[in-house]
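Student: Sequence:
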Amino acid sequence: MKKFSFAPLLALVLLSCSKDALVKENTTLSQEKKQSVQLNLTGFIQEHSNMRVAGNAAGRAADLVKISDIYYAVYDNSGNKVHDLHQDTINQQGNFGTISDSLAPGHYTIVLLAGDQPLITHAVGSSGNISEHIVSHQIMGAGALPIGQIFYKKLSLDVTADNTPQPLEVSLDRIVGKLVVEVLDALPANGPHGSLGFSVTPVMPFFSLASGQVREPDPIWQYNGTRTSQTTFEDYFFGSGYEFSITIYYVDKNTGEDKQKTIEHITVAANKKTIVKGYLYGAPESPAGQGYQIKVNQDWAADSTLINF
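Just so you know, we're using the numbering used here here: the sequence shown kicks off at 744 and counts up by one.
Calculated directly from the structure, the hints in this document are not laboratory data. Cβ atoms here follow ideal geometry from the backbone N, Cα and C, with glycine treated the same way. A hint or two may mislead.
Stated by the list, open to error - Derived SDA-like pairs: lysine to any residue, alpha-carbon spacing no greater than 20 Å straight-line:
1) Lys809 x Ser954
2) Lys1020 x Gln1003
3) Lys1004 x Ser983
4) Lys896 x Thr990
What the hints assert, rightly or not - What follows is a set of in silico ranges between Cβ atoms, one per label pair, in the way DEER data are often shown:
5) Ala953 x Pro1027: 46 to 56 Å
6) Asp995 x Asn872: 51 to 61 Å
7) Leu888 x Asp831: 14 to 24 Å
8) Pro931 x Ser899: 48 to 58 Å
9) His865 x Glu959: 51 to 61 Å
10) Gly871 x Thr971: 36 to 46 Å
11) Pro931 x Gln965: 42 to 52 Å
12) Thr974 x Asn834: 35 to 45 Å
13) Gly884 x Pro1027: 33 to 43 Å
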C-alpha cells in the first residue's frame, strides 16, 4: 500500500524536567524522574496529498487535502492510556504540529491520527486500554455520518533516564478509500424526477487503534451517500477487504415510480478509489446493455477498480 506523501520528522527531545512541570503521571508507571518528549510534526502539516485524476485539473484540485486536526495518544507497556492531546488549526495556530509531553522511563506505544476535519475518537469500553480505542464515523441511530480523509500511525518509543535528543522519521498512512458513484444519466436534482440517492450496507464504521484494522461490519449500520453534482456521489470509507452493497434510489423518468438498483460485491481499499459508474436507463450506444462498471482507482496509489452497471 502506498503511503501518504508526507514524511514528518518527529524530533524527540528527551530532557530532564522538574517534578512540578510534569504532566500528571499514571500511578502504575515508574516513579523515576520524567523526561520531556517533543514530537515536531510541523513538516508534514505543511504538505498536501494529491489524489491525481489524470488530465483533470479540477479533479486534482478537489483531491488536495489540508490537515486541520491532529490527535496524539500515548499508552504504557500494558496498553493503558497515559496521555492524549488534540490540536487544531484554530486553537493552536502558533504551535500546530508540535506535541510536547513528559514521560517516565519505560516502553510506550504512541498513536498519531491526522485528518482534514475533526475526528471521532473514543473508547468502546471503560478500561482506558488501547484495545478498546477506535476512530470512527459518527453514528446517529442506525446510520453512519460522513468522514473525511484520515491518516494513522502507531509506533513504539522507549524512554530512558539518560535519553538524548534523537530524530525519528515517520510516514503516516491514509487509512480511508474513496467511493465514487457516477449515475451518468441522472436528471437534474431540481426536476420533477430528479430525486436520486444511494445507500451503503453494511458499513464498517470503526477502526481499531490497537490493530490498525477495521472492525468487522454489522448489518445494522447504513450509510447514505453524499451527492456532489447532478451525476456524482463521493464518500470516504475505512479501507478493508470487507464487501458491501450499494443501492441507488431514483424516480423513474417515464413512470414517476420510485425504483432502486443494487450493485453487490463492492470493496474500498485504503489509499485507493473505487468508482461505480453507469446508466439507469441503458447506455446510449446500447440501450439494452444496462450495467454498472466498477473501477478501483489508485490515483492515491496507482490504478483503479471500475464497476460498470
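Student: Hints first: check each against the structure and report whether it holds.
Tutor: Cross-check of the supplied hints:
1. Taking the CA atoms of lysine 809 and serine 954, the gap is about 26 Å. The hint is violated against a cut of 20 Å.
2. Distance restraint check for lysine 1020 and glutamine 1003: the Cα-Cα separation of roughly 15 Å lies within the 20 Å cut-off, and the hinted pair is therefore satisfied.
3. Among the hinted pairs, lysine 1004 with serine 983 is inconsistent with the structure: their alpha-carbon atoms are about 24 Å apart, more than 20 Å.
4. A distance of roughly 33 Å separates the Cα atoms of lysine 896 and threonine 990; the hinted pair therefore is violated under the 20 Å criterion.
5. Hint check: alanine 953 to proline 1027, Cβ distance near 51 Å, so the stated range 46 to 56 Å holds.
6. Checked against the hint of 51 to 61 Å, the C-beta distance between aspartate 995 and asparagine 872 comes to roughly 52 Å, which is consistent with it.
7. At roughly 19 Å, the beta carbons of leucine 888 and aspartate 831 sit within the given window of 14 to 24 Å.
8. The given range of 48 to 58 Å is respected by proline 931 and serine 899, whose C-beta atoms sit roughly 54 Å from each other.
9. Between histidine 865 and glutamate 959, the C-beta spacing of about 18 Å breaks the proposed range 51 to 61 Å.
10. Taking 36 to 46 Å as the suggested C-beta distance range, the pair glycine 871 and threonine 971 conforms, at roughly 39 Å.
11. The beta-carbon spacing between proline 931 and glutamine 965, approximately 26 Å, falls outside the hinted interval of 42 to 52 Å.
12. Checked against the hint of 35 to 45 Å, the C-beta distance between threonine 974 and asparagine 834 comes to roughly 39 Å, which is consistent with it.
13. Between glycine 884 and proline 1027, the C-beta spacing of about 40 Å keeps the proposed range 33 to 43 Å intact.
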